[in-house]
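Enquirer: Okay, here's what each chain looks like letter by letter:
Number of protein chains: 2
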Amino acid sequence: MESNINMAEFVQEFQDDVWEDASVEILENMHIQDIGTILSRVLPDEAMRILQMLPRKRWVEVFPYIALARQTELLELLRVKDGRYILTHLYPDDRTALLEQLTPEQLESFLRLMSTEDVKLALKQLGYPDESVGRLMNTHFVAVKAHWTLKHALEYIRAHSLRGETVNTIFVIDRERRLKDAIELRDFLLGDLSDRVESIMEDSAISIGASEDREEAVRLIKHYDIEVLPVVDHHQVLLGIVTVDDVLDVAEQEATEDFHKMGSVGVLDLSLSDASPALLYRKRVGWLVLLTFVNIFSGAGIAYFEATIEAVIVLVFFLPLIVASSGNAGAQSATLMVRALATGDVQSRDWLRMWGKELLVSVGLGVTMALAISWIGVWRGGADVGLVVALAMFCVVIMGSMVGMLLPFILSRFKLDPATASAPLITSIADVVGIIIYFTIATTFLL
Amino acid sequence: MESNINMAEFVQEFQDDVWEDASVEILENMHIQDIGTILSRVLPDEAMRILQMLPRKRWVEVFPYIALARQTELLELLRVKDGRYILTHLYPDDRTALLEQLTPEQLESFLRLMSTEDVKLALKQLGYPDESVGRLMNTHFVAVKAHWTLKHALEYIRAHSLRGETVNTIFVIDRERRLKDAIELRDFLLGDLSDRVESIMEDSAISIGASEDREEAVRLIKHYDIEVLPVVDHHQVLLGIVTVDDVLDVAEQEATEDFHKMGSVGVLDLSLSDASPALLYRKRVGWLVLLTFVNIFSGAGIAYFEATIEAVIVLVFFLPLIVASSGNAGAQSATLMVRALATGDVQSRDWLRMWGKELLVSVGLGVTMALAISWIGVWRGGADVGLVVALAMFCVVIMGSMVGMLLPFILSRFKLDPATASAPLITSIADVVGIIIYFTIATTFLL
Numbered sequence: 001m002e003s004n005i006n007m008a009e010f011v012q013e014f015q016d017d018v019w020e021d022a023s024v025e026i027l028e029n030m031h032i033q034d035i036g037t038i039l040s041r042v043l044p045d046e047a048m049r050i051l052q053m054l055p056r057k058r059w060v061e062v063f064p065y066i067a068l069a070r071q072t073e074l075l076e077l078l079r080v081k082d083g084r085y086i087l088t089h090l091y092p093d094d095r096t097a098l099l100e101q102l103t104p105e106q107l108e109s110f111l112r113l114m115s116t117e118d119v120k121l122a123l124k125q126l127g128y129p130d131e132s133v134g135r136l137m138n139t140h141f142v143a144v145k146a147h148w149t150l151k152h153a154l155e156y157i158r159a160h161s162l163r164g165e166t167v168n169t170i171f172v173i174d175r176e177r178r179l180k181d182a183i184e185l186r187d188f189l190l191g192d193l194s195d196r197v198e199s200i201m202e203d204s205a206i207s208i209g210a211s212e213d214r215e216e217a218v219r220l221i222k223h224y225d226i227e228v229l230p231v232v233d234h235h236q237v238l239l240g241i242v243t244v245d246d247v248l249d250v251a252e253q254e255a256t257e258d259f260h261k262m263g264s265v266g267v268l269d270l271s272l273s274d275a276s277p278a279l280l281y282r283k284r285v286g287w288l289v290l291l292t293f294v295n296i297f298s299g300a301g302i303a304y305f306e307a308t309i310e311a312v313i314v315l316v317f318f319l320p321l322i323v324a325s326s327g328n329a330g331a332q333s334a335t336l337m338v339r340a341l342a343t344g345d346v347q348s349r350d351w352l353r354m355w356g357k358e359l360l361v362s363v364g365l366g367v368t369m370a371l372a373i374s375w376i377g378v379w380r381g382g383a384d385v386g387l388v389v390a391l392a393m394f395c396v397v398i399m400g401s402m403v404g405m406l407l408p409f410i411l412s413r414f415k416l417d418p419a420t421a422s423a424p425l426i427t428s429i430a431d432v433v434g435i436i437i438y439f440t441i442a443t444t445f446l447l
Numbered sequence: 001m002e003s004n005i006n007m008a009e010f011v012q013e014f015q016d017d018v019w020e021d022a023s024v025e026i027l028e029n030m031h032i033q034d035i036g037t038i039l040s041r042v043l044p045d046e047a048m049r050i051l052q053m054l055p056r057k058r059w060v061e062v063f064p065y066i067a068l069a070r071q072t073e074l075l076e077l078l079r080v081k082d083g084r085y086i087l088t089h090l091y092p093d094d095r096t097a098l099l100e101q102l103t104p105e106q107l108e109s110f111l112r113l114m115s116t117e118d119v120k121l122a123l124k125q126l127g128y129p130d131e132s133v134g135r136l137m138n139t140h141f142v143a144v145k146a147h148w149t150l151k152h153a154l155e156y157i158r159a160h161s162l163r164g165e166t167v168n169t170i171f172v173i174d175r176e177r178r179l180k181d182a183i184e185l186r187d188f189l190l191g192d193l194s195d196r197v198e199s200i201m202e203d204s205a206i207s208i209g210a211s212e213d214r215e216e217a218v219r220l221i222k223h224y225d226i227e228v229l230p231v232v233d234h235h236q237v238l239l240g241i242v243t244v245d246d247v248l249d250v251a252e253q254e255a256t257e258d259f260h261k262m263g264s265v266g267v268l269d270l271s272l273s274d275a276s277p278a279l280l281y282r283k284r285v286g287w288l289v290l291l292t293f294v295n296i297f298s299g300a301g302i303a304y305f306e307a308t309i310e311a312v313i314v315l316v317f318f319l320p321l322i323v324a325s326s327g328n329a330g331a332q333s334a335t336l337m338v339r340a341l342a343t344g345d346v347q348s349r350d351w352l353r354m355w356g357k358e359l360l361v362s363v364g365l366g367v368t369m370a371l372a373i374s375w376i377g378v379w380r381g382g383a384d385v386g387l388v389v390a391l392a393m394f395c396v397v398i399m400g401s402m403v404g405m406l407l408p409f410i411l412s413r414f415k416l417d418p419a420t421a422s423a424p425l426i427t428s429i430a431d432v433v434g435i436i437i438y439f440t441i442a443t444t445f446l447l
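So the sequence lines, in the order shown, correspond to chains A and B. Residue numbering for the first sequence is 1 to 447, as defined by the UniProt record's numbering. Residue numbering for the second sequence is 1 to 447, as defined by the UniProt record's numbering.
Fair warning: there could be bad hints in the mix.
As the list claims (entries may be wrong) - Derived Cβ-Cβ restraints for the label pairs, each shown as a range:
#  : chain 1 : residue 1 : chain 2 : residue 2 : range
1  : B       : Asp16     : A       : Ala307    : 38 to 44 Å
2  : B       : Asp249    : A       : Trp355    : 27 to 33 Å
3  : A       : Lys81     : B       : Arg175    : 49 to 55 Å
4  : B       : Ser276    : A       : Leu190    : 54 to 60 Å
5  : B       : Glu28     : A       : Leu190    : 33 to 39 Å
6  : A       : Ala311    : B       : Asp130    : 51 to 57 Å
7  : A       : Thr440    : B       : Leu360    : 41 to 47 Å
8  : A       : Leu190    : B       : Thr420    : 52 to 58 Å
9  : A       : Leu126    : B       : Phe445    : 55 to 61 Å
10 : A       : Glu184    : B       : Asp130    : 31 to 37 Å
11 : A       : Glu184    : B       : Asp274    : 32 to 38 Å
12 : A       : Glu184    : B       : Tyr156    : 33 to 39 Å
To be verified - From chain B, some residues computed to sit far from chain A (all C-beta separations above 10 Å):
#  : residue
13 : Ser23
14 : Thr37
15 : Arg79
16 : Leu102
17 : Ser115
18 : Ser264
19 : Arg284
20 : Val316
If you are wondering where the hints come from, they were derived from the structure by calculation, not from laboratory data. All residues carry an ideal CB built from backbone N, CA and C; glycine is no exception.
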């Protein structure tokens, strides 16, 4: 036991480009997931060396746990017949994950290694939209017919549960392969063997369409606490299954996407450590330039109030404080809303209730911040400047919070991703409006 | 099937305070998870009315799917003997989740409803640290002894697998209850019934300590693709189990925490829709005020360069553009790093490699942004202003990116949470440094 934990720690911290200690004996005692991690981290040639220490049968087990980019590299380094062996024996969903990130040329050469039937299956799965359930599902599954006897069904299951996939839930289909029910293996075992399957059906299966968003699969599996979710087409024909460990990965990827969007970074298809500088540049430059255009309005706002600034130069001292507080308050409320909308904690129709709550919160925050800054205002510029900065702070904190709270709702209303209301975007918008509010108040009271 | 999907949609959009249609028949055909959702959303009295339509046996099934705050309300509304029934029959992990969010007074009155043995168990679980595996684990599990025969073990499992918990993985312990292995039920069924359990052991179980962070449980379950993770104490004694659906919820909560931190919001123990305005105020005001102190340095920076500003007032126009770009670039790289550190994609020892990559990316971004702004500079203030703003933009974009990239690493180095390097904090720091860089360059070239 202990050796396993140490091994896991060893693997997690494994950083070397080569793995001197690799030997057939050590590999035999390692978990395939750990071998996969190491094969992803060492240099390509080293990975080949380690892979070849493994019996070919284990390649197929290890492969899904290797980083996708490395899987491709290995397949290109392996002899044709070894590549064919792996592509033939991978689970369809693991194969689809590998194929979907290839260049068209690579895809063509890989498809040439596969049987016609596998190619047809793979192309069908790749035909489903990006990030859909169809791309994610495993098409290897066991289903029994409703008119069979339990005895026949159990024999069929025993004969067809290949490669150690655990079968706890048994899917029942009719003669047209339409999903009729999902029955626990336990209930099967408790029934009379001569009964027909349909006699123990409850017609209570939760299912999902293949073209639906994979986030919906996460939601269903989480909500209904199920281990295997059946995937169907428009006619309820059973196409595949999605398991809880699939959605664990999806949930992490989706959260990462939302994170990146909140930081105004485009969606990375690769992990940060695999992404090239050029890719990172492309994913960041668009938003940076776009936000500059928003900030030009801030500049224009300041230029418009040049006379006020020249008359009361101390106002510039408070500019970053006031403007930044507005942006910070906005970033806070945008973050809360975007995440709550993503997890389903809040729905877009809740906007009015959330708006009321946000108003209360932001008035409280505005009063606190105004009190905090008024002292500095009085100290730096006298009572009238103190009043102006306090009033401006009160207004911009409320305004920033409102922008941050409402923009995600507006985006989701127009079927856009609420996470587009990123912290930098909210900050930039709050800047523009904050500058205008601040100098308008200053001009009114001080000139 | 279809009716189920519509029901799920109905429940997701369910918003009413009362549920007129509630009837014994409808409730009978609903999934317990959906009933739980509705009981969480209607008014407390209404929830009581619906609950009482259910047979008492179903209460225990539905209860874990009701929002925690509502569970408490219902227990307080129910008659003592009904409350006792629920608290006695809830799974220990569900009960712990309920008990850990009570006030001391509530806890005392609830503990009084429970048997001495249950109280002992509950207090033991509450004794583990917040967000530890011990709080999360289920202490109802079935384990067999290594020296038993397979026949005896299977009989024991059949007799002790209560309340429909599926048993796919069987934990093997020795005479001192120390975990020896985790064996698939399948391997059990294939073995010879007269063999001893130890004869089919492989000693390959992955386990976790009860006081470890629950995030580590998520990592292990995800990495090793396991459905049930055994929890042990310092002597490897088996204490409980954590299942993949538990960690699915934990992973979501942890991602939400990181989100909130990235937006400079304190950790909310409640969902956003349950949180009161007062709680939200408290979770936000600290960071807002703290960030103001950082921004005072921005103000001071501007005040320090007052002479430069008065001499070349057009510089103020570019102030928000340059300063905001620095903050935006910093927010981008901080977001990328914080998330990569959280998912384990990047470890803190990778900082040098990531720094090199970030330098390349930020030089590229800096050149692009400098070119973009130089035109506006020339147009608004002539060639020399164009040069100054371009140079300043180049420097601040690189500087902002460096701050955003390095701060999460520094925090993780000092065992602090990298997510503390929130977008608003990075923006505020980048503001201060950006202002100093900008006006230093301007003073050098223009005065």
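Enquirer: Mind verifying the non-interface call on valine 316 of chain B? Its CB should be farther than 10 Å from each CB in chain A.
Expert: At about 5 Å from chain A, valine 316 of chain B fails to clear the 10 Å cut-off, so the statement is violated.
Enquirer: Is the hinted range of 54 to 60 Å satisfied by the C-beta distance from serine 276 of chain B to leucine 190 of chain A?
Expert: Given about 48 Å between the Cβ atoms, the range is violated.
Enquirer: Could you check that no beta carbon of chain A comes within 10 Å of the beta carbon of leucine 102 of chain B?
Expert: 22 Å, holds
Enquirer: Is it correct that the beta-carbon of serine 264 of chain B has no partner in chain A closer than or equal to 10 Å?
Expert: 6 Å, violated
Enquirer: Find the nearest Cβ of chain A to the Cβ of serine 115 of chain B and say whether that gap is larger than 10 Å.
Expert: 27 Å, holds
Enquirer: Given the hint of 51 to 57 Å, check if alanine 311 of chain A and aspartate 130 of chain B actually sit that far apart at their C-beta atoms.
Expert: Holds, since alanine 311 of chain A and aspartate 130 of chain B (Cβ atoms, about 55 Å apart) stay within the stated range.
Enquirer: Lying within 55 to 61 Å: is that true of the beta-carbon distance leucine 126 of chain A to phenylalanine 445 of chain B?
Expert: Since the Cβ atoms of leucine 126 of chain A and phenylalanine 445 of chain B sit about 56 Å apart, the hinted range of 55 to 61 Å holds.
Enquirer: Regarding glutamate 184 of chain A and tyrosine 156 of chain B, is the given constraint of 33 to 39 Å on their beta-carbon distance met?
Expert: With a Cβ separation near 21 Å, glutamate 184 of chain A and tyrosine 156 of chain B fall outside 33 to 39 Å, so the hint is violated.
Enquirer: Are all C-beta atoms of chain A more than 10 Å from that of threonine 37 of chain B?
Expert: Violated, since 8 Å does not exceed 10 Å.
Enquirer: Taking the Cβ atom of glutamate 28 of chain B and the Cβ atom of leucine 190 of chain A, is their distance within the range 33 to 39 Å?
Expert: 21 Å, violated
Enquirer: May I ask you to check that arginine 284 of chain B keeps its beta-carbon over 10 Å from the closest beta-carbon of chain A?
Expert: Non-interface label fails for arginine 284 of chain B: nearest chain A Cβ at 5 Å, not farther than 10 Å.
Enquirer: Is it true that glutamate 184 of chain A and aspartate 274 of chain B lie within 32 to 38 Å of each other by Cβ?
Expert: 33 Å, holds
Comparing the model with each earlier hint shows violations of hints 1, 4, 5, 12, 14, 18, 19 and 20; every other hint is respected.
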